[in-house]
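Number of protein chains: 2
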Amino acid sequence: MKIIKGSVTAPQDFLAAGVKSGIKKNGLDLALIISKIPALAAGVFTKNAIKAAPMVISERHLKNGKAQAIIVNSGNANCLTGKKGLDDAVEMAKAVAGAMWISSYNVLVASTGIIGKPFPIDKIKAAVPDLISQLSEAGELPAAKAIMTTDLSPKRIAVAVDIGGQTVKIGGIAKGSGMISPNMATMLCFLTTDADIELRALRSSLRDSVADSFNAITVDGDMSTNDTVFILANCLAGNSRIEYGTKGYKIFCEALSYVTAYLAKEIARDGEGATKFIEVEVKGARSKNDAGKVAREIANSNLVKTAMAGEDPNIGRIASAAGAAGVKFKESKLDISISGVKIVNSGNVAYQKRPKVKKLLKKGEIGISVDLHSGKESAKVWTCDLTERYIKINARYN
Amino acid sequence: MKIIKGSVTAPQDFLAAGVKSGIKKNGLDLALIISKIPALAAGVFTKNAIKAAPMVISERHLKNGKAQAIIVNSGNANCLTGKKGLDDAVEMAKAVAGAMWISSYNVLVASTGIIGKPFPIDKIKAAVPDLISQLSEAGELPAAKAIMTTDLSPKRIAVAVDIGGQTVKIGGIAKGSGMISPNMATMLCFLTTDADIELRALRSSLRDSVADSFNAITVDGDMSTNDTVFILANCLAGNSRIEYGTKGYKIFCEALSYVTAYLAKEIARDGEGATKFIEVEVKGARSKNDAGKVAREIANSNLVKTAMAGEDPNIGRIASAAGAAGVKFKESKLDISISGVKIVNSGNVAYQKRPKVKKLLKKGEIGISVDLHSGKESAKVWTCDLTERYIKINARYN
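Which chain is which? The protein sequence lines are A and B, in order.
Just add 12 to the spot in the first sequence (first one is 1) and you have the working numbering.
Just add 12 to the spot in the second sequence (first one is 1) and you have the working numbering.
Calculated directly from the structure, the hints in this document are not laboratory data.
Heads up, some of the hints might be wrong.
[Unchecked claim] Below 25 Å or equal to it, Euclidean Cα-Cα: the simulated DMTMM-like pairs (lysine to aspartate or glutamate) are:
no.	chain 1	residue 1	chain 2	residue 2
1	B	95	A	134
2	A	374	A	266
3	B	36	A	324
4	A	96	B	347
5	B	392	B	324
6	B	129	A	389
7	B	95	A	347
8	A	404	B	323
9	B	375	A	389
10	B	129	A	293
11	B	36	A	323
12	B	365	A	134
13	A	157	A	103
14	B	345	A	400
15	B	63	A	347
16	A	370	A	255
17	B	305	B	377
18	A	370	B	400
19	B	342	A	71
20	A	340	B	71
21	A	305	A	383
22	B	48	B	149
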């Protein structure tokens, strides 16, 4: 597998575009990704009890396992917008379908931005002709920019992998920059591939890769009202069809997981106001679920996140968060390492190692590793530090 | 019931003191509360998997249901300190017991401060004689100050209530100023009463009053490594003994709940960097547990807390947090009010009411009320807003 240039238009016969429709005061706010031929499609959605209108519509459009276009706006989430919102999401799909001469059931829609504000469907409809005229391979960058909200940079990647002697490509763009979880800022990810793959295999590979990537930056499956991941597979790579469980399937899954993990880490790295990327690993748990619980409790602790921002090896906050996860373990067996230095050994704090760890915390990447020594399961969660800038962004965003 | 002057020394024959032992660089850091005669005693402790040494020792000392003294230090939590920490906690009790000629089993100990730092038992032992010599009724204020960490003000209250023609008094002091939960800054509360009450009734009244007060500022029973509530009842009020389930018991419980709720709200109000006190009420839930889950998800959302700091009625963040709690409800039935103004009605946002709500958010007290319309249960949670000052306090505390 190798990383190649571009993103969603790197696989064969995909085009993209991003334009300014005027929903946001400044910048691009409307994106389109299309396959030149109808593609297989799969999606993963938020588990929030409140689902934005575009998700309800896209879930319906995905039932047949096919799609040819994805239209996405930023600046307004089309959420808590009632029946009018659902109608608007359908209109958004129809606007693309009408201009492209395809069925509106083959158009997926997504939105991100402010919740509970009337949805500006007229601006979107007015911008669709321009959006379609801008479709190109180079359009992937404007598309990646058009889905951004508070993101500081577009998030994009493409990889090429050999499957049975044929080159298969996978590309993706993503947005998300709130601390995601437990704060539920919206995360969007759109993936394309030219792999020839059966629908069942496409669906299962997407589910698995999301579980180990985007869900690693999300608590308990609780996501925002708009979190969405779509994948389109137009099957043009010429490989023999990938079937579930085969060697080719394994190679495809690894490549897809690389893409989603890369994009998930980029989201954590671009956390609002973040100055540090933090990987929390919990080992020696009785179950994967227990390991995940402890890792997320640490990764979501404001006290741990602020200590990391202050570059202080506050082991007490890490231990206290670990203990608060509702998972039983013995304090006398607890090991904690920060950036490779074991600072808690069998429940005893090596206080003299603090200066050494303090130096390592000056780096932009921090690793927190906790070993509960009560089982064999482990989990990883990615997050970032919590700074004054996060508060500024989220308290005074008007 | 009426509010009276003072706190833990308002009930008959209690004394208190607070001195500077040198654990903290500045200020009082060692407190003592005693009853002149042995008292009945009960306690409630953290459910964190990691328990600080003083809690382990105090739990042991509480088994006989009696105590005469409570010694508390701030500046060091005596947590993650291994066997030495347990020995030190015993030494702390013994230092008081020896000077007062009582059994060390009748001394309760508590600590709050930095975790994982060697415990300065020698400083405490050296300060105990001075501490005991300072005991007085007026000592309740220095005691309330000595248990503070990042608190801006001491938290104290006393009430008098008539039980069967006799005046019974209850007093209390508390500390806690982190956002408490899910961030697990330590909460301590020490209560005294001169009520004549049976041990079973004392224990159950304490448990119930904590559930509706301190646990309303805490997530899922997950508390810090040091969270502790103690009550001493010296039975000197002359009332006929309060038995569980009687009318007198009900009156006592109401008074005790008033005291604990007052202190819990004071803690939320004094949240680190807080500028607003926020009460989150969730109604119409299928169970009390569901109501509590939704209320805590809202109260702990950094996005909701920062919006309140910015005085913006960001209804989307409140709705999104409600939906993320893992509790099922119908979006089409959801009502949300902010400070008495219904801004979401059956899932529809009354966008035109935003300016009115924006004005109300300028006040120091904010009410968020959510009605799920799916059952009859409700829950209240108290919290505060999240400001840049919180980050400053918690990132650069060295």
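Status of each hint after checking the structure:
1. B/95 / A/134: Not OK: residue 95 of chain B and residue 134 of chain A at ~69 Å, beyond 25 Å, violated.
2. A/374 / A/266: violated (33 Å)
3. B/36 / A/324: Since the Cα atoms of residue 36 of chain B and residue 324 of chain A sit roughly 19 Å apart, the hinted pair holds (cutoff 25 Å).
4. A/96 / B/347: Roughly 18 Å between the alpha carbons, so the hint for residue 96 of chain A and residue 347 of chain B holds.
5. B/392 / B/324: holds (22 Å)
6. B/129 / A/389: Violated, at about 30 Å.
7. B/95 / A/347: Roughly 16 Å separates the two Cα atoms, so the pair holds.
8. A/404 / B/323: Cα-Cα ~12 Å, so holds.
9. B/375 / A/389: This hinted pair is violated, its Cα atoms lying about 49 Å apart.
10. B/129 / A/293: holds (24 Å)
11. B/36 / A/323: The given pair, whose Cα atoms are some 22 Å apart, holds under the 25 Å limit.
12. B/365 / A/134: holds (24 Å)
13. A/157 / A/103: holds (23 Å)
14. B/345 / A/400: Distance of about 37 Å is beyond 25 Å: violated.
15. B/63 / A/347: Answer holds: residue 63 of chain B to residue 347 of chain A is near 16 Å, not above 25 Å.
16. A/370 / A/255: violated (50 Å)
17. B/305 / B/377: Given that 25 Å is the threshold and the Cα spacing comes to 22 Å, the pair holds.
18. A/370 / B/400: holds (23 Å)
19. B/342 / A/71: Holds, at about 18 Å.
20. A/340 / B/71: Distance ~19 Å between residue 340 of chain A and residue 71 of chain B Cα, so the pair holds.
21. A/305 / A/383: holds (13 Å)
22. B/48 / B/149: Measuring from Cα to Cα gives roughly 12 Å; hence the hint holds.
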